[in-house]
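Turn these sequences into a full structure, and let the hints steer you where they fit.
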Amino acid sequence: MNQQVETSNFLDNLERAARVRREIADRLSNIAETINQSELAGAEVSGKLGLETDSQDISLASENLRQGVFRLLVLGDMKRGKSTFLNALIGEKLLPSDVNPCTALLTVLRYGVQKKVTVYFKQDRQPEQIDFDKFKQQYTIDPDTAKKLEVEQKAAFPNVSHAVVEYPLALLEKGIEIVDSPGLNDTEARNEISLNYINNCHAILFVFRASQPCTLAERRYLENYIKDRGLTVFFLINGWDEIREGAIDPEDAAEIAESEEKLRKVFRTNIGEYCQVEGADIYSDRVFEISSLKALRL
1 MNQQVETSNF LDNLERAARV RREIADRLSN IAETINQSEL AGAEVSGKLG
51 LETDSQDISL ASENLRQGVF RLLVLGDMKR GKSTFLNALI GEKLLPSDVN
101 PCTALLTVLR YGVQKKVTVY FKQDRQPEQI DFDKFKQQYT IDPDTAKKLE
151 VEQKAAFPNV SHAVVEYPLA LLEKGIEIVD SPGLNDTEAR NEISLNYINN
201 CHAILFVFRA SQPCTLAERR YLENYIKDRG LTVFFLINGW DEIREGAIDP
251 EDAAEIAESE EKLRKVFRTN IGEYCQVEGA DIYSDRVFEI SSLKALRL
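Residue numbers (the numbering used here): 1 to 298.
By construction, these hints were calculated from the structure, which means they are not laboratory data. Heads up, some of the hints might be wrong.
[Unchecked claim] Within a straight-line C-alpha distance of at most 30 Å, the following computed DSS-like cross-link-like pairs (lysine-lysine) qualify:
(1) Lys174 with Lys134
(2) Lys116 with Lys93
(3) Lys148 with Lys115
(4) Lys227 with Lys265
(5) Lys79 with Lys134
(6) Lys227 with Lys174
(7) Lys134 with Lys116
(8) Lys227 with Lys147
(9) Lys227 with Lys154
(10) Lys122 with Lys148
(11) Lys174 with Lys148
(12) Lys134 with Lys93
(13) Lys79 with Lys262
(14) Lys93 with Lys122
(15) Lys148 with Lys136
(16) Lys93 with Lys154
(17) Lys122 with Lys147
(18) Lys136 with Lys93
(19) Lys115 with Lys134
(20) Lys122 with Lys134
(21) Lys265 with Lys148
(22) Lys148 with Lys262
(23) Lys227 with Lys134
(24) Lys79 with Lys265
(25) Lys136 with Lys174
(26) Lys147 with Lys93
(27) Lys154 with Lys122
(28) Lys136 with Lys79
(29) Lys115 with Lys79
(30) Lys174 with Lys147
(31) Lys174 with Lys262
(32) Lys147 with Lys134
(33) Lys116 with Lys227
(34) Lys136 with Lys122
(35) Lys154 with Lys174
(36) Lys122 with Lys79
(37) Lys134 with Lys154
[Stated by the list, open to error] Simulated restraints, written as ranges between beta carbons of each label pair:
(38) Lys154 with Ser211: 23 to 31 Å
(39) Arg19 with Gln153: 36 to 44 Å
(40) Glu223 with Glu173: 19 to 27 Å
Predicted, not measured: the structure shown is a model, and the values here were computed from it. Just so it is clear, CB atoms sit at the ideal spot from N, CA and C, and this is done for glycine as well.
In structure tokens:
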């Protein structure tokens with residue numbers, strides 16, 4: 001499997017979604033203009049149709065789509081490689097990686113001419129701008145601490161709302177904003193923050209681990225919070241190279257192919273329904289098999 005090709009395919013689909021958003025904005029603008037013209041024509045003949053408010057609402061929706069960002073929310077359980085994938089996407093070890101330490105803050109990546117990190121707090125305290133090294137050092141926790149906090153239903157940094165990372169990345173410059181969320185099963189407080197972002201995002205990237213395909217917690221999360229919301233959902237199956245590593249004979253191509261096919265069936269069975277649009281199966285456009293760590297090392 002070519003990691004660069006898979007990552008490129010994902011980016012192509014993401015940019016396509018952003019492009020469709022702009023096209024919808026143009027169509028809404030045309031509809032608003034048609035309504036305005038109908039109102040003017042009707043006024044001259046028999047009176048207006050009373051659609052001024054509708055026209056204004058449609059125009060506002062068009063403007064918001066055109067000027068607003070395309071927000072991608074990255075979801076997934078702890079230890080799925082969310083931050084590692086984003087680091088590979090950026091091409092730099094920018095975010096705290098959850099290979100060993102765990103990212104403990106909801107982090108928003110957006111375009112900026114200069115690289116900088118701003119931490120926002122829940123209380124009246126002013127936002128704090130810090131450098132990347134301090135950010136990675138100060139706002140990561142080890143897996144044991146993360147597990148303990150999960151059991152105790154506590155947040156690692158209860159006074160912190162989120163962090164914003166600005167970065168001069170071409171993908172972000174196109175108006176795409178990426179939100180890296182804490183793990184699904186961390187604490188109720190973290191889940192609440194992530195769920196609030198679900199209602200304000202335009203697409204979701206749900207990250208699985210090939211070695212732990214579609215756990216009960218993941219299936220429940222998709223069922224409770226993603227299903228039937230009309231969201232554009234991409235699925236990333238991370239650690240695909242682990243299939244070879246777990247084989248009896250890593251050099252046996254037939255064994256590897258059989259294992260991969262069995263795993264694909266598991267994922268298709270569980271997430272296939274989220275890859276249907278107006279009766280069309282777009283599974284191949286929404287599901288990607290990669291190794292974030294390998295891609296980061298390329």
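Tested hints:
1. For a cut-off of 30 Å, the pair hint linking Lys174 to Lys134 stands: about 28 Å separates their Cα positions.
2. Of the supplied pair hints, the one linking Lys116 and Lys93 holds, its CA atoms being roughly 14 Å apart against a limit of 30 Å.
3. Of the pairs offered as hints, the one joining Lys148 and Lys115 is violated, with about 33 Å between alpha carbons and a cut-off of 30 Å exceeded.
4. Straight-line distance between C-alpha atoms of Lys227 and Lys265 comes to about 20 Å, which keeps the hinted pair within the 30 Å bound.
5. In summary, the hint linking Lys79 to Lys134 is supported, as the alpha carbons are separated by about 22 Å, within the 30 Å threshold.
6. The suggested pairing of Lys227 with Lys174 holds, with an alpha-carbon distance near 28 Å, which does not exceed 30 Å.
7. At roughly 11 Å between alpha-carbon atoms, Lys134 and Lys116 fall within 30 Å of each other, so this suggested pair holds.
8. Annotation: proposed proximity of Lys227 to Lys147 holds, straight-line Cα distance about 28 Å (limit 30 Å).
9. Distance check on the hinted pair: Lys227 and Lys154 sit about 27 Å apart at the alpha-carbon level, within 30 Å; holds.
10. A threshold of 30 Å between alpha carbons decides the hint, and for Lys122 with Lys148 the separation of about 23 Å falls inside it, so the pair holds.
11. The straight-line distance between the Cα atoms of Lys174 and Lys148 is roughly 40 Å, outside the 30 Å bound, and the hint therefore fails.
12. Distance check on the hinted pair: Lys134 and Lys93 sit about 13 Å apart at the alpha-carbon level, within 30 Å; holds.
13. Between the alpha carbons of Lys79 and Lys262 the distance comes to roughly 23 Å, so the proposed pair stays at or under 30 Å and holds.
14. Distance check on the hinted pair: Lys93 and Lys122 sit about 27 Å apart at the alpha-carbon level, within 30 Å; holds.
15. For the suggested pair Lys148 and Lys136, the alpha carbons sit about 20 Å apart, so the restraint of at most 30 Å is met.
16. Between Lys93 and Lys154 the CA atoms are separated by roughly 28 Å; this keeps the pair inside 30 Å, and the hint holds.
17. At roughly 24 Å between alpha-carbon atoms, Lys122 and Lys147 fall within 30 Å of each other, so this suggested pair holds.
18. Distance restraint check for Lys136 and Lys93: the Cα-Cα separation of roughly 10 Å lies within the 30 Å cut-off, and the hinted pair is therefore satisfied.
19. Under the criterion of a C-alpha separation no larger than 30 Å, the hint pairing Lys115 with Lys134 is consistent with the structure, at around 14 Å.
20. The suggested pairing of Lys122 with Lys134 holds, with an alpha-carbon distance near 20 Å, which does not exceed 30 Å.
21. For the hint pairing Lys265 with Lys148, the CA-to-CA distance comes to about 34 Å; that exceeds 30 Å, so the pair is violated.
22. For the given pair, Lys148 sits about 34 Å from Lys262 by alpha-carbon distance, which is inconsistent with the 30 Å threshold.
23. Proposed proximity of Lys227 and Lys134 is contradicted: the alpha carbons are some 38 Å apart, above 30 Å.
24. The suggested pairing of Lys79 with Lys265 holds, with an alpha-carbon distance near 23 Å, which does not exceed 30 Å.
25. With a C-alpha separation of about 26 Å, the suggested pair Lys136 and Lys174 falls inside the 30 Å cut-off, and the hint holds.
26. For the proposed pair Lys147 and Lys93, the alpha carbon gap of about 24 Å is at most 30 Å, so the pair holds.
27. Taken as a hint, the Lys154 and Lys122 pair is honoured in the structure, with Cα atoms around 15 Å apart against an allowance of 30 Å.
28. Distance hint between Lys136 and Lys79 is fulfilled; the C-alpha atoms sit about 17 Å from each other, no more than 30 Å.
29. Between Lys115 and Lys79 the alpha-carbon distance is near 26 Å, which keeps this suggested pair within the 30 Å criterion.
30. Note on Lys174 and Lys147: the hinted pairing is violated, with a Cα-Cα distance of about 37 Å set against a maximum of 30 Å.
31. Distance check on the hinted pair: Lys174 and Lys262 sit about 38 Å apart at the alpha-carbon level, beyond 30 Å; violated.
32. Taking the CA atoms of Lys147 and Lys134, the gap is near 23 Å; set against the 30 Å cutoff, the hint holds.
33. Restraint check for Lys116 and Lys227: not satisfied, since their Cα atoms lie roughly 35 Å apart, outside the 30 Å limit.
34. Distance restraint check for Lys136 and Lys122: the Cα-Cα separation of roughly 20 Å lies within the 30 Å cut-off, and the hinted pair is therefore satisfied.
35. Of the pairs offered as hints, the one joining Lys154 and Lys174 is violated, with about 37 Å between alpha carbons and a cut-off of 30 Å exceeded.
36. As the CA atoms of Lys122 and Lys79 are separated by approximately 26 Å, the hinted pair is consistent with the 30 Å bound.
37. As the CA atoms of Lys134 and Lys154 are separated by approximately 23 Å, the hinted pair is consistent with the 30 Å bound.
38. Against the hinted window of 23 to 31 Å, the Cβ-Cβ separation of Lys154 and Ser211 comes to about 28 Å, which satisfies the hint.
39. Arg19 and Gln153 have their C-beta atoms about 42 Å apart, which keeps the hinted 36 to 44 Å range intact.
40. Restraint check, Glu223 to Glu173: a C-beta distance of roughly 36 Å breaks the suggested window 19 to 27 Å.
Consistency note: the structure conflicts with the earlier hints numbered 3, 11, 21, 22, 23, 30, 31, 33, 35 and 40.
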